[in-house]
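Asker: Residue numbers (our numbering), protein chains in the order written: chain A, 7 to 439; chain B, 7 to 439; chain C, 7 to 439; chain D, 7 to 439.
I should point out that these hints are in silico values taken from the structure, not numbers from a laboratory.
Glycine included, C-beta positions come from ideal geometry on N, C-alpha and C.
Incorrect hints may appear among the rest.
A few chain A residues facing chain B, derived, Cβ under 8 angstroms [what the hints assert, rightly or not]: (1) 45; (2) 118; (3) 121; (4) 154.
4 protein chains.
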Amino acid sequence: MFERLKAAREVANQKTELKKLIADCDELIKEPGQSVSVGIASRALNRYQKLDFGSRSEFYSQLATRYEPNIEHITRALDSHKEKRSPESLIELVRAVEPPRQELLRRLNRVSSGTAVIVRMREEILNALRSAPALAAVDADFEHLLSSWFNPGFLELKRLDWMTPAHLLEKVIQHEAVHEIDGWGDLRRRLEPDRRLYAYFHPTLPNEPLIFVEVALLNDMPSAVAPLLDRSKPPEVETKRYKVAAFYSISNCQPGLKGIHLGNFLIKRVAEDLKLEFPGLKTFCTLSPIPSLAEFLLKGPKWKSGRYTAKELSRLEADFKELQPNLQNLSKSNAVLSATHQNRLTRLCSAYLAQTAPDESVRSDPVAKFHLNNGAILERVNLGADHSSKGLKQSFGMMVNYRYDLDKVEQNHESFVSGTTALSKAIRDLIKA
Amino acid sequence: MFERLKAAREVANQKTELKKLIADCDELIKEPGQSVSVGIASRALNRYQKLDFGSRSEFYSQLATRYEPNIEHITRALDSHKEKRSPESLIELVRAVEPPRQELLRRLNRVSSGTAVIVRMREEILNALRSAPALAAVDADFEHLLSSWFNPGFLELKRLDWMTPAHLLEKVIQHEAVHEIDGWGDLRRRLEPDRRLYAYFHPTLPNEPLIFVEVALLNDMPSAVAPLLDRSKPPEVETKRYKVAAFYSISNCQPGLKGIHLGNFLIKRVAEDLKLEFPGLKTFCTLSPIPSLAEFLLKGPKWKSGRYTAKELSRLEADFKELQPNLQNLSKSNAVLSATHQNRLTRLCSAYLAQTAPDESVRSDPVAKFHLNNGAILERVNLGADHSSKGLKQSFGMMVNYRYDLDKVEQNHESFVSGTTALSKAIRDLIKA
Amino acid sequence: MFERLKAAREVANQKTELKKLIADCDELIKEPGQSVSVGIASRALNRYQKLDFGSRSEFYSQLATRYEPNIEHITRALDSHKEKRSPESLIELVRAVEPPRQELLRRLNRVSSGTAVIVRMREEILNALRSAPALAAVDADFEHLLSSWFNPGFLELKRLDWMTPAHLLEKVIQHEAVHEIDGWGDLRRRLEPDRRLYAYFHPTLPNEPLIFVEVALLNDMPSAVAPLLDRSKPPEVETKRYKVAAFYSISNCQPGLKGIHLGNFLIKRVAEDLKLEFPGLKTFCTLSPIPSLAEFLLKGPKWKSGRYTAKELSRLEADFKELQPNLQNLSKSNAVLSATHQNRLTRLCSAYLAQTAPDESVRSDPVAKFHLNNGAILERVNLGADHSSKGLKQSFGMMVNYRYDLDKVEQNHESFVSGTTALSKAIRDLIKA
Amino acid sequence: MFERLKAAREVANQKTELKKLIADCDELIKEPGQSVSVGIASRALNRYQKLDFGSRSEFYSQLATRYEPNIEHITRALDSHKEKRSPESLIELVRAVEPPRQELLRRLNRVSSGTAVIVRMREEILNALRSAPALAAVDADFEHLLSSWFNPGFLELKRLDWMTPAHLLEKVIQHEAVHEIDGWGDLRRRLEPDRRLYAYFHPTLPNEPLIFVEVALLNDMPSAVAPLLDRSKPPEVETKRYKVAAFYSISNCQPGLKGIHLGNFLIKRVAEDLKLEFPGLKTFCTLSPIPSLAEFLLKGPKWKSGRYTAKELSRLEADFKELQPNLQNLSKSNAVLSATHQNRLTRLCSAYLAQTAPDESVRSDPVAKFHLNNGAILERVNLGADHSSKGLKQSFGMMVNYRYDLDKVEQNHESFVSGTTALSKAIRDLIKA
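Only chain A is shown next, with the shape it has when bound in the complex (with noise of 0.2 angstroms):
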């Protein structure tokens, strides 16, 4: 009885909340003084931070329809400028079109934790995406804003090693997203002499990681993920013999900051940064997963037309005809293949990753995408080289190595956007029939 009272004062409460919240956001709007403004500014996101998830959703709710641009108003401004075509009537319109949430999240960010909330508000939203269709024009505002405040001009690449503050460390231990961290233990083999790990960093947001990557340094292309996590294998710690520098995890910390592509330019940067400290680097590659490998083969491969020679696609088809009854099996333990089997697997695994498009085309494995829009070129394809069984399930345990050959890495780029992708010889000789 009492419980059911105080669930009722608690609805009416947050209503009361919600309310104040709308009214705080009314008002930075309109409010002329950037001192003042603060104040408010402050005010709402302590109001924010107190609602429930309910409430929190009919605020993303308010700021679809609430700070919307008005059209009549547009369509005065934009008659106007046809009319004028001046600078004036120009900013009238521009003015006119920007919907007026952006500059109240502008207004918010005006407090120096604002930055992190709504980060965490962007989270949620795109969470109710789905089931909210209607936020998506919010959400492009979200982004819109959060990739001017997060532009890589802004953020600081810094490495993490045994001599960085544990509570940062915890945090890439809890972020992980490709190979696990079991622990310290685990964590501190990844920062041993010949492994490294950077982080970018924003100015607002020093104690958050907002993604970093994960580095071998090896004296050959990696074909296989555990040596690089063994803990019992001692480091290599004869600099010369650094020849290769593999790039075998990227985990983004800040789900809010989807889309703000920031693990581009990231790998570029480490890579130049090594190669100054080594000059006797020679490779920079990944060793990549192939998440939807299995699901693209077990539903039947689907080839992009024009992609291969008729020749070819009929290999491709009779590779996927014989490997079929294994198919299954292979995705939950490590059978041993023939000989035989084994190229038939290499070359459609090779021919799926050459075929992946930058646009919506074809079906393609969003790692592939990443590393090949962003200028690598698509090296090698391991079997075995992934035990886990998250590893057998999505890619029969393959992995691929995509290379960054920095020189070429915009021509790569430049190729990919118009509809090539980069090959090695070895896979443009295992594909060609």
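Please build the complex by placing chains B, C and D on the supplied structure of chain A, with the hints as guidance.
Answerer: Below, chains B, C and D without anything else, positioned relative to chain A:
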């Protein structure tokens, strides 16, 4: 002969470089890959920095015309949105209206040195505006982006003192705009324990103060500037005797950030910090110049209609009539005034400042407008406060104290915006007939 | 065969290296030029670090014999000084007596890594002392110099928390000597807001904590250790509720600094810092082990003659007689005692600690001696305070609170030195018959 | 009348304070507890700092007499050690001889500000030595301890430049002893990219440079000082052109550290650092004054017997005879000399420096002694190198380059110590008859 050839070659060279810069900009706007775009942006900024004054002016014109939004495109997007009213059609419309130069600037800013270059570009555009009013829309875009990047949430407040690196102190000496600093000895007096100097910094410009404020910790509200700067006076170190914090100088260091109101918030932040450090402080005020007073009176004062009663107006006119013969003289030397004349001059000055308006409805003193809009109270007008020739020329040696009552800043600001200036009792009594 | 050859060669090699090291040391002592001596010292330290255990032992013996002061020389200098009584003759005498190995160590210390090596040398010499008592004079010289270099005026007190670099926290885990830290999760509990960890550092060893102390901020004086270390208990964050600061662990990290009493001053420094940060703290105490209690009782307690009255003594003897049959059992498991037996055991423990002496006149508990000599009060004895097998074995699970009354530390210390231990009223009452 | 009373009271007050200080010192020496001793030491240092000059002098006398070792005690300890020859008896003897003031100073140093006070004490004792030679033994103890605390292994080398905090640069301006710095503009020239300034710091005195050296990076070995200090000359920024690093000024900042040879090692450390940074550097040299040259010649030169052949001597005497009439004049103004006279003066100067001895056997130039003992080569003597009146007065405007050949520093030092000065071929040829 040879010189002329060289000059001609240089002209041709500049033309080529400008063309290449435009080509880079075109490419940069279209480029979807972030990693690649940083390389292009870096190249473009290098090219820009090699252009001479004329070519840079031409580049700004191109920003105005080449990277304008397209009106047909806008019209179509608006029609489509009127029909669909969907999030997607809105996103499309917003994109169509945003001037492409905004995205261009955001992408140039992906290079870490980009922000500094963009601030200097804006400085030149502001200078060019008078002769090239068409740049107004370009300037509006710069201001829009810079105010998003230089919002107070991103800025860092730092106290500068004698422990501060010399190169930063040197910049303070260069940029002090109100009371010139005559060398390092002069500066040192302003960094003693009873003086404070605070500056705002942006994370990407760690070596460039953006704006700084100088504060004197005193026993009484100051009525003249000379004692504050007097190097021979020993510092007051008995902190319990600090009752008044007087802001006696605010200087902007970055002309390219004009209109990005950094100062408003700075005073409030510093006042709050000082209050925490010295709980005995009772009064936060300025000792400010009145740059437009002499001009207002010498041209024959215009009183805002409706601001003063008929009785008050007739007394102000009498005051002016009496003083007029002396005014030219007063603006040149430290003349001795009779008590009656002192009273008249004080009243005229007070009445001028008391009619300061937030808009252009009446001629207003810019410093008065800044502080009153910021929520300050017009507290006291001081005769003989600044004996420098600049002080005599602009305000017959008068200065004014604006007082910040931290609890009433918002309220005062709102009154000012709606037409009522906050006045101290002394000022009200003086004006009231 | 080959192995034997190799070993023989290694033996010969070690002999050569030792000889060269001695030659370097001879040269170093004679060398007047400081700049040159740093080079020699560096060479000598490198050579030393390549010696095996046996050769290092031989080196320490040489320190004892080869770098001793010369008795004839001393005799002559003393005779000369007796005759002249001049400053010069005194300087000569002081120089004649100082063992040359002191100057040798000072010169080895001119290399920046020298201090660390010398601390490790001392660690080995301390270990060797039992079998080689002749090293006592060498050890005295090491202790003399190290206590000059590691004096509290040179040390830096640092708080370690979750923001501290991981490599330093790892050293805390390794060196915790009182209550073992079981991994990073365990450590983190000890760094929460209601726990504190402070360490002393020397400027030349920035990566090596010398000694650290762990503190719990509590509402009441603690009577058992388990709740302090319990990871499942949420931290108390209401700082106003902190009444007691309990020092529950002090650990030395550098065995080579034995006898350099860093801990004494550390507790007082930390207590003063905490008092400033939390003015509500009323009590500064420890929760300390009693490592020698079981041995004292199991061997049959010896009471210090004159310390207790005949009546008190007879009651202590009665207590012991009653408890004796249970003692073996109590040192192995958590036996339940009757209230009477609890009382007896508490009294015996209190009486044992209360007779702690500053000298060797009676067997004393080392921890008691440390805190009482440091000016603490024997405040309370706690039954069942430490259920670990170590706790049962050394003190039947008992622990003790020593209390630091910051205003009486000097006075208590002086009393203790002159034979009177500071006791709480409760302890006094318990013992008094 | 009142003034006299006040003075008398002050005298009495000083006497009381001195007595209390001595009482504190007595207590401090006896105190076994470290924690307690820090409190006493702090009290004693405060008392000392309030003493006037006379009382402090009295305190130093007491250090000499009251805290001397006891001769009877020493005699007994020596007799006992002769008998026992045990480590314990040796320890006892060493303790008996060490002046108790050493332990007193070590204990005063337990307070963190102690080191600075002790350095200033020493400064006063050094000044007092002439009139109070009995303080020599006290001074020896200060020097002994300070050289242990300020050994190069504890010092930190820092480069000072325009990014350095102003208060440190101000100290450089104050302490420059060789070529006066005329304000901040003058200093700035010495911090440009082609100039370097390095200083040594002790961890307990982070705001006090101990000694600093100024270096010019040049194309050729410098023959005059004016071009090095010329503010109007733009800095040479082409680092590949740096062939010579010229140390043109070394200044001690702490008179209390006299005899603690910090400079010797500083030059070598800086040279090694510069060699790493600019591998193109071929020559490390000084441009040094010859402070004693004029005095040597004006008094009539005394040649070291056995240093020069009869033929050489007779030529030196002829040189002197020819030049003598001009010498007074040369020490006052920039007289023009004939080529022959130039040659003669250069030879006399070279011969004077070439006979520099490590001991007191012959009058030697102190700067020459410093560098030659440090392992430098007497490279070149420069006429007209310093036109300042100080330069004319002390050395007829001559300066000298000492060259540091990093590989031969040890060897040259050893030669010098055993009687042979390292000379360049040019100098050798000039002297050789």
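Asker: Going by Cβ atoms only, is residue 121 of chain A closer than 8 angstroms to chain B?
Answerer: holds, 6 angstroms
Asker: Taking the least C-beta to C-beta distance, is residue 45 of chain A closer than 8 angstroms to chain B?
Answerer: holds, 7 angstroms
Asker: Are residue 154 of chain A and chain B close enough, Cβ to Cβ, to be under 8 angstroms, as the hint says?
Answerer: With Cβ-Cβ at 6 angstroms, under 8 angstroms, it holds.
Asker: Quick check on residue 118 of chain A please, does its C-beta sit within 8 angstroms of some C-beta on chain B?
Answerer: The hint holds - residue 118 of chain A has a Cβ within 8 angstroms of chain B, the shortest such distance being about 5 angstroms.
Figure legend: structure checked against the earlier numbered hints; every hint is met.
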